[in-house]
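K.L.:
According to my numbering, the sequence shown is numbered sequentially starting from 1.
Be aware that one or more of the hints could be misleading.
Claimed, not checked - Straight line, CA to CA, 20 Å or less: simulated SDA-like cross-link-like pairs of lysine to any residue:
#1 K543 to D530
#2 K411 to S450
#3 K411 to S556
#4 K574 to M564
#5 K411 to V536
#6 K411 to L575
#7 K543 to M565
#8 K121 to E140
#9 K54 to K84
#10 K574 to G547
#11 K84 to D64
#12 K184 to N210
#13 K61 to L96
#14 K574 to S561
#15 K576 to N542
#16 K253 to D298
#17 K253 to A225
#18 K84 to G470
It should be emphasised that the hints constitute simulated quantities derived from the structure, not laboratory data.
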Amino acid sequence: MKNKVNTMKKGIIFVVASLMMLSVINVASATDWTMYGFDLANTGFTPDDAPDEKRIFVEEKLLDGYDHSNDMVVANGKLYFNTKSQTSTLYCVDALNPTEELWSQPIGISYTSSPTISGNKLYIGTSQYLYCFNAETGNEIWTFDTQAANTQATVFNGNVYFFDYNDEVFYCANANTGQELWSKQMNDRPRGRPVIYNDNVYITESPPYNGPSVIYCLDINNEGAEIWTHALPDETVQSIAIDNDKVFVSNDKTVYCLDAIGNGDGTTDEIWNQGPFTYTLGPPSVAYGNVYVTNNYDVFCLDQDDGAEVWIFTCPNHRVDRDTKLTIADDKVLFGTVQYTDVKLYALDAHGDEGTTDVIWEHSIGSGYPLQTSAVVVDGLAWFMGRGAYLVGMFSSITTVPTIDGVDEAKVNEIITFEAMIDDITPLPPGNVQYMFDFGDGVDTYWLPSEVGVTMDDPFEIDYQYDEPGNYQVKTKVRHVASGLESDWSEPHNIYVSFMDIVSVTGGFGVNIAVRNYGDLDKDVDWSVDLIGGSVPGFHFNKHYEGSVEPLKANSTTIISTPMMFGLGDFDIKLKVEYAGEPPIEEVIEGRILFFYVML
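Make the full structure from the sequences, and use the hints.
P.N.:
Rendered as structure tokens:
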């Protein structure tokens, strides 16, 4: 379908014609969320943008039933998650169209970890194996036999680090082959995820019931040799997070901050502790010089330097799962609640003010789908997953831009056509769009066409003309009519509008050429005219004339005239005008001569 529009510049109406289909620039992800806690240090913080408003691009229950799921990951445009049931399954879906399953892989054991992605491989632990799958196809690459590898794996420098929960062993294996490189026998049950910082690996253990927990700092390059250990008083311990050479860990109802480097004698120092709080605390996240942690009802922000409370947020009539690791992105704290009858998603101001903070947005997903997993943020998109694989996806902005094309050179007042199109408006569903154009000369259009717009994969054109010479950059952007959201500007299309032009050619007793200088400076102009023809036998001629205008004044027109000539019949007039530093202007015009008189 061809789309047309009229626009006006200085009283002249320009008519829009059709255009050909052009490609769409897709923005590739720079910061995929490939593991629980986002990064090797398990900070829970991503530098990506996060939605400033409640803008939903998907809200869908992906599976039948109400099975719990582990934390999801997003990489290479795909979302990976797994259920926790007697018939657990690992799923890979399109991150922007999650109802499109790309592959699934039964793993058959109820106790499973969250997946970890590294390159084209996916690692996931179960009560029997650590699996390595091809992340693109779901095909099994290798397995590592354990009694229980159901805690998250960490991949670093070609090795994979993981636990055997039942046998209380910490392993390092080759990430490509699954071959064991070294292992460390622990004294109690491992907890959380191995955390990597400054080429050391940090792990935690605790007894099943009463007794102290222990944090280990191990040397990766020396087969896990102990650098330091530190005991904590309670057996309830969560995954640690590391930032600014400090280890942050929740132990029952207290947050501890330890020196990550150690004293060089097998010990390290406790820098501060904050607590006890009213309820058991979840795993900490760290960003902006703060520590973020939750318990059953509250979200706390503490100062990394001394543990002082920066702010507290109490979820009204809602509970937050104490195992939830908060997601920090774009000055926001993202999480969901587990109140079964009214589950809510929140985005809080990460910085707060005077002991409190603001709700930036919230969204209710009704009953039956409590959130016990962390939000995932990639490229301005945020995903939340509740029980039964109830997925909510929110977005910051349109992540695709239209393309624009047209001629590269033009003359002053020449009508030229620019072509624009977008055939995908990620992450929004298909719909009508409108275009705005910036012609680079200080003139922008309004949204075109008005009212309903056009189908987004239909081509669109606009005609325009410049009344001043120069180099211009033309851009376009789109607005999604249904939501009112706009894309960023397209990459510019460059066009040069010549300072010089042949404005008219007339006949008479000779050929007369009117040449205009549209610029603000005088120009020395060279010209040539070739007259070839005379179609009646005996009246042929071939004339060449050349000369210069020194100078052709700024914003003025000169007439170049050839001498009178004699001939009979049709002939061609070849014109050439040029000046220093610019491409020549050339035209060929057909004429007719009747003895001495030229007719054009």
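K.L.:
Against this structure, judge whether each hint is valid.
P.N.:
Here's how the hints hold up against the structure:
Distance check on the hinted pair: K543 and D530 sit about 6 Å apart at the alpha-carbon level, within 20 Å; holds. Of the supplied pair hints, the one linking K411 and S450 is violated, its CA atoms being roughly 29 Å apart against a limit of 20 Å. A threshold of 20 Å between alpha carbons decides the hint, and for K411 with S556 the separation of about 16 Å falls inside it, so the pair holds. Our distance criterion of 20 Å between C-alpha atoms is met by K574 and M564, whose separation comes to about 17 Å.
At most 20 Å may separate the alpha-carbon atoms for a hinted pair to count; K411 and V536 exceed this at roughly 36 Å. Between K411 and L575 the CA atoms are separated by roughly 16 Å; this keeps the pair inside 20 Å, and the hint holds. Proposed proximity of K543 and M565 is supported: the alpha carbons are some 9 Å apart, at most 20 Å. Taking the CA atoms of K121 and E140, the gap is near 10 Å; set against the 20 Å cutoff, the hint holds.
A distance of roughly 29 Å separates the Cα atoms of K54 and K84; the hinted pair therefore is violated under the 20 Å criterion. The suggested pairing of K574 with G547 holds, with an alpha-carbon distance near 14 Å, which does not exceed 20 Å. Under the criterion of a C-alpha separation no larger than 20 Å, the hint pairing K84 with D64 is consistent with the structure, at around 13 Å. Distance hint between K184 and N210 is unfulfilled; the C-alpha atoms sit about 23 Å from each other, more than 20 Å.
Of the pairs offered as hints, the one joining K61 and L96 holds, with about 14 Å between alpha carbons and a cut-off of 20 Å not exceeded. About 13 Å separates the Cα atoms of K574 and S561, which keeps this hinted pair within 20 Å; it holds. For the suggested pair K576 and N542, the alpha carbons sit about 16 Å apart, so the restraint of at most 20 Å is met. Under the criterion of a C-alpha separation no larger than 20 Å, the hint pairing K253 with D298 is consistent with the structure, at around 12 Å.
Among the hinted pairs, K253 with A225 is inconsistent with the structure: their alpha-carbon atoms are about 30 Å apart, more than 20 Å. In summary, the hint linking K84 to G470 is not supported, as the alpha carbons are separated by about 65 Å, beyond the 20 Å threshold.
The structure shown violates the earlier hints numbered 2, 5, 9, 12, 17, 18.
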